[in-house]
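Construct the entire structure; sequences and hints are all you get.
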Amino acid sequence: MEASAAAQGPVLLAVHGALKTFGPVVALADGTIELRAGEILALCGENGAGKSTLVKILAGVHAPDAGTFTMDGAPCAFRSVADSKATGISVIYQEPTLFPDLSVAENIFIGRQPKNRLGLIDHAQMRRDAASLFTRLGVPMNPGRRAEGLSIADQQLIEIAKAISLDAKVLVMDEPTAALSGAEVERLFKVARALRDAGAAILFISHRFDEVFALADRITVMRDGRYISTHRTTETSVAAIVHEMVGRDVDALFPARNAEPGPIVLQVSGLGRRGVFRDIDFCVRAGEIVALAGLVGAGRTEVARAIFGIDKSTSGTVSVNGHELAPGNPQSAIAAGIGFVPEDRRKQGLVMDLSVARNTALTLRRRFSRFGLIDFRAEKRTAATWARTLQVKISSMDQAVATLSGGNQQKVVLAKWLATEPKVLIIDEPTRGIDVGTKAEVHRLIAELAGHGMAILMISSELPEVLGMADRVLVMHEGLISAALERSEATPESVMHAATGSKEAAT
Amino acid sequence: MSTQATQTRPGPSGASRLGALLRLRELPVTVALVALVIVTAAVNPLFLSPQGMKDLMLNATIMMLLAAGQTMVIVTRNIDLSVGSILGLVAFGTGSIFAAVPTMPIWLVLLVGVGFGALLGSLNGLLTVWAKVPSLVITLGTLYVFRGVNNGWAGPRQFFAGDRPEAFGNLSVDTLLGVPIITVLALAVVIVLAVYLAGARSGRDLYAIGSDPEAARLFGINTSTRVFTAFLVNGALAGLAGVLYASRFNAVGATTGSGLELDVVAAAVVGGVAIFGGSGTVIGAAIGAILLNTITSSLTALRVDKFWQQAIVGVLIITAILIDRLASLRHAKHLREREGRNV
Amino acid sequence: MSEHATVAVDTTAPLADVVPVRGPRWYAGRDATMVYILLAFLAYAALSIPRFASPVTTGFLLLDVVPTLLIAMPMTLIIVTGEIDLSVASIAGLSSAVLGVAWASGTGIWVSIFLALGAGLLAGIFNGVLVAYVGLPSLAVTIGTLALFRGLALVVIGDNAVANFPNEITALASAKLGTSGIPLVILPVVFVVLVFGLVLHHTAFGRGLYAMGYSKDAAHFVGINVGNSKFWLYVASGLVSAAAGVFWTLRYTSARSDNASGLELTVIAAVLLGGVSIFGGKGSIPGVLAGVLLIGSLNYALRLGRVSDVVLVTVTGLLLIASVIAPSVSAAVGRWRHSQRLRRHLARDQGAEPG
Amino acid sequence: AGGGTTPAGSEGASGSAKTDATITFIPKQLNNPYTDVVLGGGKTAATAAGFATANVVGPLEASASSQVTFINAETQAGTNAIVIAANDPDAVCSALDEARTAGAKIVAFDSDTNPECRDVFISQVVAKDVALIQTKLISEQIGGAGEIAILSATANATNQNEWIKFMEEELKSNPDYKDIKLVAKVYGDDDDAKSFQEAQGLMQAHPNLKGIISPTTVGIAATARYLSTSQYKGKVALTGLGLPNEMRSFVKDGTVSEFALWDPAQLGEVAAYAAKALVDGTITGAVGDKFTAGDLGERTIEDGGIVIVGPPTVFNKDNIDDYDF
Ligand SMILES: Nc1ncnc2c1ncn2[C@@H]1O[C@H](COP(=O)(O)OP(=O)(O)OP(=O)(O)O)[C@@H](O)[C@H]1O
Ligand SMILES: Nc1ncnc2c1ncn2[C@@H]1O[C@H](COP(=O)(O)OP(=O)(O)OP(=O)(O)O)[C@@H](O)[C@H]1O
Ligand SMILES: [Mg+2]
Ligand SMILES: [Mg+2]
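Chains as they are written, first to last, in this note's numbering: chain A, 1 to 507; chain B, 1 to 343; chain C, 1 to 355; chain D, 1 to 325.
Derived by calculation from the structure, the hints in this document are not laboratory data. Each hint can be trusted.
Straight-line Cα separation of at most 16 Å, EDC-like style, residue types lysine to aspartate or glutamate; simulated pairs:
| id | chain 1 | residue 1 | chain 2 | residue 2 |
| --- | --- | --- | --- | --- |
| 1 | A | K347 | B | E214 |
| 2 | D | K185 | B | D305 |
| 3 | D | K18 | D | D280 |
| 4 | D | K185 | C | D159 |
| 5 | D | K252 | B | E166 |
| 6 | D | K128 | D | E302 |
| 7 | D | K136 | D | E169 |
| 8 | D | K210 | D | D179 |
| 9 | C | K282 | A | D398 |
| 10 | D | K165 | C | D159 |
| 11 | D | K252 | B | D163 |
| 12 | C | K216 | A | D353 |
| 13 | C | K176 | D | E98 |
| 14 | B | K132 | B | E214 |
| 15 | A | K190 | A | E211 |
From chain C, some residues computed to sit far from chain A (all C-beta separations above 12 Å):
| id | residue |
| --- | --- |
| 16 | S48 |
| 17 | G106 |
| 18 | W110 |
| 19 | V155 |
| 20 | L265 |
| 21 | I278 |
| 22 | V315 |
Glycine is no exception: its CB is placed at the ideal position from the N, C-alpha and C atoms.
Now the structure itself:
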């Protein structure tokens with residue numbers, strides 16, 4: 001990868017020994033980074049290593065308990081978000097933070113909308129400015145539209161537009177690509193490199209090493225809230241970084257599987273939802289992993305939602321072990337043995353304010369009821385067992401999931417569904433925001449579950465994951481299944497062709 | 001990578017002006033108001049006589065001010081249930097001032113009333129912002145506390161129109177081009193607020209806060225100051241309404257203005273203000289206030305059995321939110337169809 | 001040029017001893033505090049207000065709180081799901097009006113009561129459909145039905161008052177259990193409280209209510225039928241409010257359209273005082289019970305002491321404000337003490353290893 | 001066991017004046033100017049009559065059931081005499097019965113309860129007289145012909161409803177009033193703003209309205225305020241029952257020419273003396289019983305256990321300045 005010429009420029013933003021505690025939890029023990037003008041620095045670390053905490057300190061959201069901060073060599077403090085912004089720091093948070101009632105354009109320019117001669121907001125000018133930003137990012141989006149109901153990917157793109165429009169000296173991006181697929185990622189990188197070449201300093205956080213090595217000039221590694229090391233990208237390797245992150249070697253290879261698929265468990269026939277997708281026909285057998293691939297917005301999530309009954313399908317049927325499910329009724333899907341790990345864990349997967357125990361037990365409410373009354377102890381025991389099995393990093397089962405790191409939250413969602421011992425598990429983006437170690441674990445877990453005869457439908461935007469895990473790959477394009485590929489036929493090229501709708505790829 | 005994805009999503013589309021107009025949340029309530037006035041006037045021409053018009057406007061004036069203030073608060077995903085009590089305290093305060101100093105200039109009394117209201121409103125704001133607790137609970141508390149203070153202060157004492165200077169009472173009698181002076185004042189306030197909320201950065205911040213308070217905090221909007229200001233302005237408007245109340249009605253005492261709070265919220269809701277913040281306009285709320293007041297007058301003018309009147313008002317409120325909901329569902333569906341795939 | 005070459009950092013620094021890890025304790029929770037306050041107040045009142053400590057008090061006090069207590073039960077569940085029902089008092093008024101008109105028109109008393117409860121049920125269904133299935137915001141809907149149901153009560157009974165209810169029935173409404181002073185009606189009320197308590201705290205349905213109180217989407221994604229749950233809560237609220245209306249009518253032997261007016265805010269104040277979060281997700285029946293009884297006994301004690309209602313109104317308001325502010329204040333104090341200890345800890349560390 | 005005083009023994013020592021007796025007034029609603037004048041008279045007279053303590057308790061709003069808790073608390077406090085203006089004749093009954101069982105004497109005043117639940121009712125005036133004086137005043141003011149309306153207090157107010165009944169009968173039966181047509185009855189709930197808007201509604205719904213009777217002090221003042229600020233001032237007649245202090249400016253500016261009221265303080269005074277006589281056992285509440293009401297002289301209990309205070313006064317421009325209440 002090309003290294004920037006300015007990589008040896010002066011240190012722009014330096015943080016040393018940043019400490020942040022939340023009551024008894026030490027989220028960040030020694031946050032240390034040195035960010036130079038004209039470079040892209042990647043921050044790597046396991047889930048819960050304290051990356052987002054460091055970001056939030058830089059953003060002025062959290063007040064640090066200790067640490068020294070300098071900007072351009074002068075000591076500085078980030079007492080508030082406004083303070084941090086004024087210093088020239090612009091942040092894309094891990095989770096999109098849009099205002100659903102405001103227009104896309106206003107979301108980008110809130111607080112600094114262009115004004116007309118009367119000192120009032122010039123809405124037309126604002127929309128034009130937004131449109132030109134989107135052109136720069138290569139994304140078609142109507143700036144006048146309300147932000148409500150946008151997909152996670154679209155929301156993330158707006159966040160990016162917002163951040164770059166600030167023309168900040170320091171751009172911090174906390175997993176900006178987690179919800180994006182190849183095309184958008186590539187465009188984001190192009191913009192990021194352009195900003196770097198213009199002299200900005202960029203802090204980039206991602207769990208995807210291909211991205212990190214493609215983009216970053218240097219990599220800083222964190223573990224357990226502490227600074228570990230910094231390397232030039234050209235002088236290190238994925239294995240070395242992973243070793244430092246995890247403190248041991250990680251076998252990042254996908255688990256080997258050669259189970260014979262059993263009888264058909266999930267049968268989807270002619271499923272359709274007007275204006276969204278149609279003619280979805282496929283089956284998943286016991287012990288089989290079927291991946292649903294495609295570009296962002298291809299309609300994969302919508303299919304999964306319709307199967308589980310969150311949305312009502314307008315045509316076709318879903319049956320589990322031959323029993324047809326009532327459309328639009330998640331209870332019937334759960335009763336039939338379907339589990340669904342949704343893509344947006346914060347809004348759909350978890351009740352953020354409830355404890356780990358309560359969240360895990362939510363799917364078990366009826367199972368542990370005797371004469372209609374819940375057996376608290378059995379419930380808690382089961383929840384604890386699954387949390388332990390998945391090695392969720394928590395201080396107590398009574399900790400609110402809101403205080404967990406993103407990856408650990410994802411594990412709680414998985415635990416919640418595994419606890420129901422489903423026959424079919426639908427997983428939408430199973431490893432979004434999960435670190436390598438856990439990712440390997442999740443992959444091993446999925447493989448193991450399939451090995452025990454569970455039918456698994458996996459939606460993923462990560463091509464390696466799709467190719468590495470799936471027995472069969474269904475590729476969606478514009479609401480239709482454009483290809484059904486056996487493991488042997490599935491290659492990056494065949495999947496991408498089908499996903500982009502290129503004629504020659506259609507089977 | 002390919003650039004194919006570009007074609008999978010629709011580009012910006014210019015919404016027609018007519019479409020935008022039809023999507024206005026204020027539209028249904030405006031249509032309802034116009035229809036109501038026309039029907040009533042057709043049956044009872046007296047309804048639109050100069051005196052009838054004047055009464056209609058005067059009736060809506062106080063509620064319009066309160067609804068406009070409440071909108072500022074509701075837009076930030078808060079609520080102020082104590083407005084009735086604030087109005088009562090200020091109205092009684094106005095009576096007390098004139099009883100003590102009958103020669104007090106009217107503008108000074110207006111100023112004092114607005115200031116007193118702002119003080120009480122800022123107490124709500126301070127408690128909500130500082131303790132970061134739900135304003136519904138806080139203002140339910142201050143509803144009781146302010147009312148208690150008013151009761152303690154006033155006791156059985158009341159001040160009557162005769163105790164106040166005639167010029168003060170004439171504020172709600174005299175007209176400017178057929179419009180009562182206090183209505184002109186209220187309209188001016190509503191317009192200023194409307195322009196502020198639509199066209200000022202800090203005004204737009206209020207919508208952002210109501211839309212997602214956590215996101216607003218992460219984005220660096222000074223949530224506390226903005227919400228505090230909204231409460232303060234609302235209090236000030238309730239104060240102004242209190243002074244105007246004293247100008248218009250006969251008696252001000254311990255119970256003046258009690259029970260107003262839910263009517264005010266209802267007016268805002270009927271005017272298309274979303275109860276969970278983030279959207280709605282002052283103009284809409286003001287029209288909602290006019291509609292709710294007009295319906296009572298017109299039912300009387302139509303000689304509808306008075307026992308039915310309250311039930312009809314209830315039906316009207318529900319219909320208004322129902323229409324609002326249907327309109328937004330239709331809009332969402334429209335959006336989906338426009339952005340969705342042709343499958 | 002990686003100048004920060006792999007610095008070894010001790011990841012087992014003794015920061016954990018700064019603050020001991022503690023789980024929540026039931027006897028230190030919000031609900032328990034409410035119960036302590038109630039007990040403290042009762043003790044104070046018994047000692048300092050003449051005649052307060054007497055079975056007569058129990059009787060009058062309990063009779064007074066019955067309507068609030070009844071309605072507070074479904075209200076708690078509704079607020080836990082993040083919704084609200086402002087129409088409860090109007091439903092009570094409507095049921096009172098129906099009871100009166102039915103009885104006056106010669107219907108048997110039990111059939112009349114049945115009709116009154118039926119009116120409440122219908123009202124609850126109406127609210128439920130609009131909130132749960134049409135998806136309208138409950139605050140707005142029930143402001144509307146607050147006017148609508150009260151209006152219907154007026155339509156039904158007009159400005160009449162029906163008072164000639166049979167003596168056996170009205171006597172039942174204020175009958176006492178032997179000499180204990182405890183009213184007979186407390187038995188069904190206790191039953192209602194137990195049912196709602198069990199439903200909220202010990203059933204799958206109740207679990208679902210907390211979950212949806214925090215996040216409707218997340219609840220939907222684990223197969224909780226958000227719509228149905230809410231619908232049944234509003235139906236229950238309508239039914240219980242109607243029962244409260246019937247009790248009101250019989251206790252005061254007067255069926256009027258304005259019965260129980262304004263009760264909605266009292267109920268909500270009591271529920272919030274009992275520790276239920278207006279945003280949903282938090283709250284418990286024991287807490288609410290303590291909240292209702294606290295307001296009730298405060299009310300009665302002040303009246304016994306001939307203290308003006310002005311004081312009661314003010315005290316209720318202050319209590320409400322204190323109840324939500326106190327946790328914030330104690331959390332702020334906790335944070336301050338934590339940072340103090342942390343600072344001392346850091347200072348000690350720096351002193352230990354200079355440079 | 002309830003500590004404190006034992007409830008006053010009932011008929012034990014007939015005729016001997018008790019010196020430690022207590023009296024409590026429960027008005028319809030606190031903080032009402034008319035009530036305040038009544039209670040002022042009542043409290044003064046209570047002391048003069050020999051009560052050891054006189055209290056006033058009451059609800060802040062005049063709803064039917066809001067007085068019950070106060071009666072309960074007084075019952076428990078062992079109050080000897082409860083003087084009440086009932087918001088609803090029936091709602092307070094069972095509570096009053098309990099109070100009587102505990103030994104209290106019940107005097108209703110201003111607005112009666114169900115006759116079974118009290119010992120005597122102190123009425124301002126003969127109900128019919130009040131009604132007739134108002135119909136007479138309105139007839140004079142509108143020249144004996146035209147549409148009139150009534151703006152009352154709450155729809156359930158016992159006293160107002162009785163007067164309205166007499167007014168309606170009189171309008172129907174008296175040939176002098178054959179050209180007068182009662183077109184509407186509305187209720188302002190004794191709330192200033194509500195009464196104001198009801199008055200306004202009347203004018204719009206009935207363009208030919210010639211006069212309004214408002215037999216409640218809040219209603220007449222609010223209506224006067226509306227008329228005085230509108231084009232109807234001096235064109236639509238207004239009469240009813242009002243407090244001179246509240247009505248003075250409207251009489252002087254010509255909105256109202258004549259209205260009536262009794263002396264409210266006397267009502268309180270008679271009630272206090274009646275209560276004392278009951279507590280002392282001088283009277284039992286039977287028809288024909290007589291007692292002395294201080295300076296106001298001897299009063300007799302008439303049919304239905306009613307005591308009449310005195311005739312109403314008519315106020316107008318010429319005499320209004322002579323009164324201060
Ligand atoms: N508000 C909070 N209260 C308590 N603990 C918290 C809070 N926020 C974060 N933590 C804890 O701090 C630690 C660091 O979290 P952080 O979000 O910074 O991790 P991360 O490196 O961003 O992980 P991921 O890659 O999963 O996003 C975690 O153990 C988390 O549980
Ligand atoms: N509530 C909504 N309103 C309008 N459009 C929506 C809504 N939800 C999704 N869409 C649009 O529907 C399309 C399909 O979304 P969906 O989430 O099914 O895609 P996907 O293939 O799962 O992609 P990914 O999950 O990677 O984002 C997207 O273009 C999205 O913008
Ligand atoms: Mg993170
Ligand atoms: Mg998806």
